[in-house]
Amino acid sequence: MTESCEETRARLEAWIDQALPEAEQRRLQEHLSGCAKCRSEEAELRGLATALGDLRLEPESPRMWARIRTAVLSEHCQANRIVPWVLAPNCATNARLLNRHFCGNLCFATSTYIRMLRCQPLENISASAFPIFISNH
Amino acid sequence: MDDQGILRHCQEGDAGKFELLVKAYERELMRHALMWLGHREDALDTVQETLMKAFRAIPRFRQGQPVYPWLYGILRNTCIDAARHRQHDRIQARAGWSDRECFSSRTADRGSELWEHLGKLEAEDREMLFLKHVDGRSYEEIAALLEIPAGTVMSRLSRARARLRSRMGAKV
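Residue numbers (the working numbering), protein chains in the order written: chain R, 1 to 137; chain P, 1001 to 1172.
Pulled out of the complex, with its shape left as it was, chain R reads as follows (with noise of 0.2 Å):
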């Protein structure tokens, strides 16, 4: 026994996402080899799904810690209290940025420093890991 139109319409589309259990999709094939409309109908959801299939969304890396990273590393330092510390391009900004700021809630050290130092509670930093500007807070 074969199906009918309408029940093969309503497995078609089950069939070409690969999701019919093997003996439906036996049933729905001795269908489709005696019916042209349900052949029909069936080319078209191919056509579809082929044309959606080619389409390609590849964006490059939106680099997103960029853009977040001061952002993420504040937001979390004032909830838990602790100086953030924020890449600077070289000591002599640093010192001045850090006179500066140190005080605030907002200090800049050298890549360097930051991998020790970021997120620490304060009071956790060593005077001697950040001697100068350690000492002049």
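In short, the hints are calculated from the structure, not lab data.
We put the beta carbon where it would ideally sit given N, CA and C, even for glycine.
Keep in mind that a hint or two might mislead.
Said to hold, decoys possible - Not everything, but these chain P residues come out facing chain R in the computed CB check (under 10 Å): (1) Cys1010; (2) Val1022; (3) Lys1023; (4) Glu1026; (5) Leu1051; (6) Glu1113; (7) Phe1130; (8) Ser1158.
Unchecked claim - Counterexamples of contact, computed for chain P against chain R with all Cβ distances above 10 Å: (9) Phe1061; (10) Gln1065; (11) Val1067; (12) Tyr1072; (13) Gly1073; (14) Asn1077; (15) Asp1081; (16) Arg1084; (17) Glu1122; (18) Glu1124; (19) Leu1145; (20) Glu1147; (21) Pro1149.
Dock chain P against the given chain R, drawing on the hints supplied.
Okay, now just chain P, sitting in the frame of chain R:
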């Protein structure tokens, strides 16, 4: 370190580990934001907002919960809000669904026409079609991502196809 480990470290106070999660999923999130909004700058803003929301939600993340569906849920809601604001604020609205640089197709002409038609669908219909055909996910994977039954995925997908075919005049 796996995703659960990253989030556990973040929950324990190592916020810098969030970078690993961002780098693991930013492209996937960007693809899905483009799918929702069809415009690169809007998508970038939305992914940024999504990641900030995710970071703030880390303390409430349940260990063992799948990570990408959690992120996708945040992205989805953010995209819905972004699309709503874009409609409400037409003066400041960006170009909307017109950014053809977002996509490519093996068949350029048909792909371009299809992209235009997709932009006119409801976002939820577009989402179903993309998750199934562009991403190549199974019903079960889509169901897990959207936290809905697989049967609902099938019916929504069928409805989305019917609407797209109707828009295209069944010329596919």
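Here's how the hints hold up against the structure:
{"no.": "1", "hint": "Cys1010", "result": "holds (9 Å)"}
{"no.": "2", "hint": "Val1022", "result": "holds (5 Å)"}
{"no.": "3", "hint": "Lys1023", "result": "holds (6 Å)"}
{"no.": "4", "hint": "Glu1026", "result": "holds (4 Å)"}
{"no.": "5", "hint": "Leu1051", "result": "holds (6 Å)"}
{"no.": "6", "hint": "Glu1113", "result": "holds (9 Å)"}
{"no.": "7", "hint": "Phe1130", "result": "holds (8 Å)"}
{"no.": "8", "hint": "Ser1158", "result": "holds (6 Å)"}
{"no.": "9", "hint": "Phe1061", "result": "holds (15 Å)"}
{"no.": "10", "hint": "Gln1065", "result": "holds (21 Å)"}
{"no.": "11", "hint": "Val1067", "result": "holds (16 Å)"}
{"no.": "12", "hint": "Tyr1072", "result": "holds (15 Å)"}
{"no.": "13", "hint": "Gly1073", "result": "holds (18 Å)"}
{"no.": "14", "hint": "Asn1077", "result": "holds (18 Å)"}
{"no.": "15", "hint": "Asp1081", "result": "holds (18 Å)"}
{"no.": "16", "hint": "Arg1084", "result": "holds (22 Å)"}
{"no.": "17", "hint": "Glu1122", "result": "holds (16 Å)"}
{"no.": "18", "hint": "Glu1124", "result": "holds (16 Å)"}
{"no.": "19", "hint": "Leu1145", "result": "holds (16 Å)"}
{"no.": "20", "hint": "Glu1147", "result": "holds (19 Å)"}
{"no.": "21", "hint": "Pro1149", "result": "holds (14 Å)"}
Every hint from the earlier list agrees with this structure, and none is contradicted.
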